Amino acid sequence: MIKNILLSVSGSAETIVAAKYAICLSRLLQANLIAVFVIDTKVLSELLKTRIFVEAEARSYEQDLEQQGGMILERIKKMAESKQVPCETSLLRGAISDEVIRTAHELPADILVLGELREIASRAETFIDEGERIFRKSPCPVIISKNPAMVEALYKEIA
Amino acid sequence: MLRVTDFLRPEFCIMDLKADNKEQAIKELTQVLESSGKIKDKNDFVKHVMERERLGSTGIGNRVAIPHAPTQSVDGIVVAFGRSRGGLDFQSLDGQEVNLIFLIGTTPDDLAVYLKLLASLSRLLTNRQFREEFMMAGSSQDLFGILRKFEHD
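Those protein sequences? They're chains A and B, same order as listed. Going by the working numbering, 119 is the number at position 119 of the first sequence; the sequence numbering is gapless. Going by the working numbering, 1053 is the number at position 53 of the second sequence; the sequence numbering is gapless.
Hint data in this document are derived by calculation from the structure and do not stem from the laboratory. Be aware that one or more of the hints could be misleading.
Among chain B residues calculated to face chain A with C-beta under 10 Å, some are [what the hints assert, rightly or not]:
#, residue
1, P1010
2, I1014
3, R1052
4, L1055
5, S1057
6, H1068
7, Q1072
8, D1109
9, L1125
10, T1126
Derived BS3-like pairs: lysine-lysine, alpha-carbon spacing no greater than 27 Å straight-line [said to hold, decoys possible]:
#, chain 1, residue 1, chain 2, residue 2
11, A, K42, A, K156
12, A, K146, A, K49
13, B, K1018, B, K1047
14, B, K1040, A, K42
15, A, K156, A, K146
16, B, K1042, B, K1018
17, A, K137, A, K83
18, B, K1149, A, K42
19, A, K3, A, K49
20, B, K1040, A, K49
21, A, K49, B, K1116
22, A, K146, B, K1042
23, A, K156, A, K49
24, B, K1149, B, K1047
25, B, K1040, B, K1018
26, B, K1149, B, K1116
27, B, K1027, B, K1042
28, B, K1116, A, K137
29, B, K1038, B, K1027
30, A, K49, B, K1047
31, B, K1038, B, K1018
Over the 12 Å line for every Cβ pair with chain B, so calculated as not near, a few chain A residues [stated by the list, open to error]:
#, residue
32, C24
33, L28
34, K78
35, S90
Remember, predicted model here, so these are calculated numbers, not experimental data. C-beta: ideal position from N, C-alpha, C; glycine also.
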């Protein structure tokens, strides 16, 4: 039985499509929807370490990301509730792929929904790209949402 | 992982900066970005980048600087590159003059993408061979060839 659907969001156009698809799936399967946004503190640390950022700047970006993540999760929660789908949200900190995979293990998630992955240019990139890492390390089946028009039609179909 | 070549264009590259100081270099690079149509307010953008420089130099060492700022005066993410043959004083932490300058701006809405782009650029620039080839490139097309080669490695 599919009980928990985990949605990883970043706020890009692709993840909003993924959110709509996850809402449809949750409704059709009567499953719990859990949306997570990860504040990428790993990249902030990396930019501090390489001295591209100064401390005050990194802190300010972290606060901005926290605010953006909160807004995106709130938007998805409202979208879900408008379709009678209860949605839990979680704002996490760390490396995006590590946090999403950890959450998938902890729930445990039965399905993980992601936005469309970007094109990979090289084999090396498959080990660095966060979406790729989540896709490869996920402990449960992963659905990559595609075809925004199809998803939109399905989303509208659900009253 | 984001690629620098997704954002930088040959027309936003200056192979020989005329500037002889940091602010002039940032203004010269902003000027070439104007043709992108993504600079809404050139003076405001330069002001934000210079304000960021006052927090601490973006001269990160190894003759590289990455002046940057999030600001509403740009539309999306903009990237320009300039090479100074003679070197510019960026008050870099290693005390060396800067030859390779990447100017990056973003709207606050694109922050997550901007951070990933900066991280990708930073990883490229830790590669000594990349820096040396970039320094020796003859044209902006050559620069792109080098960027693609290292990004696809």
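Okay, the hints, checked on the actual structure:
no. : hint              : in the structure
1   : P1010             : 18 Å, violated
2   : I1014             : 21 Å, violated
3   : R1052             : 7 Å, holds
4   : L1055             : 5 Å, holds
5   : S1057             : 9 Å, holds
6   : H1068             : 8 Å, holds
7   : Q1072             : 13 Å, violated
8   : D1109             : 8 Å, holds
9   : L1125             : 8 Å, holds
10  : T1126             : 7 Å, holds
11  : A:K42 x A:K156    : 37 Å, violated
12  : A:K146 x A:K49    : 36 Å, violated
13  : B:K1018 x B:K1047 : 20 Å, holds
14  : B:K1040 x A:K42   : 31 Å, violated
15  : A:K156 x A:K146   : 16 Å, holds
16  : B:K1042 x B:K1018 : 19 Å, holds
17  : A:K137 x A:K83    : 31 Å, violated
18  : B:K1149 x A:K42   : 26 Å, holds
19  : A:K3 x A:K49      : 41 Å, violated
20  : B:K1040 x A:K49   : 32 Å, violated
21  : A:K49 x B:K1116   : 14 Å, holds
22  : A:K146 x B:K1042  : 38 Å, violated
23  : A:K156 x A:K49    : 46 Å, violated
24  : B:K1149 x B:K1047 : 34 Å, violated
25  : B:K1040 x B:K1018 : 24 Å, holds
26  : B:K1149 x B:K1116 : 19 Å, holds
27  : B:K1027 x B:K1042 : 8 Å, holds
28  : B:K1116 x A:K137  : 21 Å, holds
29  : B:K1038 x B:K1027 : 15 Å, holds
30  : A:K49 x B:K1047   : 26 Å, holds
31  : B:K1038 x B:K1018 : 23 Å, holds
32  : C24               : 25 Å, holds
33  : L28               : 30 Å, holds
34  : K78               : 19 Å, holds
35  : S90               : 17 Å, holds
Consistency with the previously given hints fails for numbers 1, 2, 7, 11, 12, 14, 17, 19, 20, 22, 23 and 24, ordered from lowest to highest.
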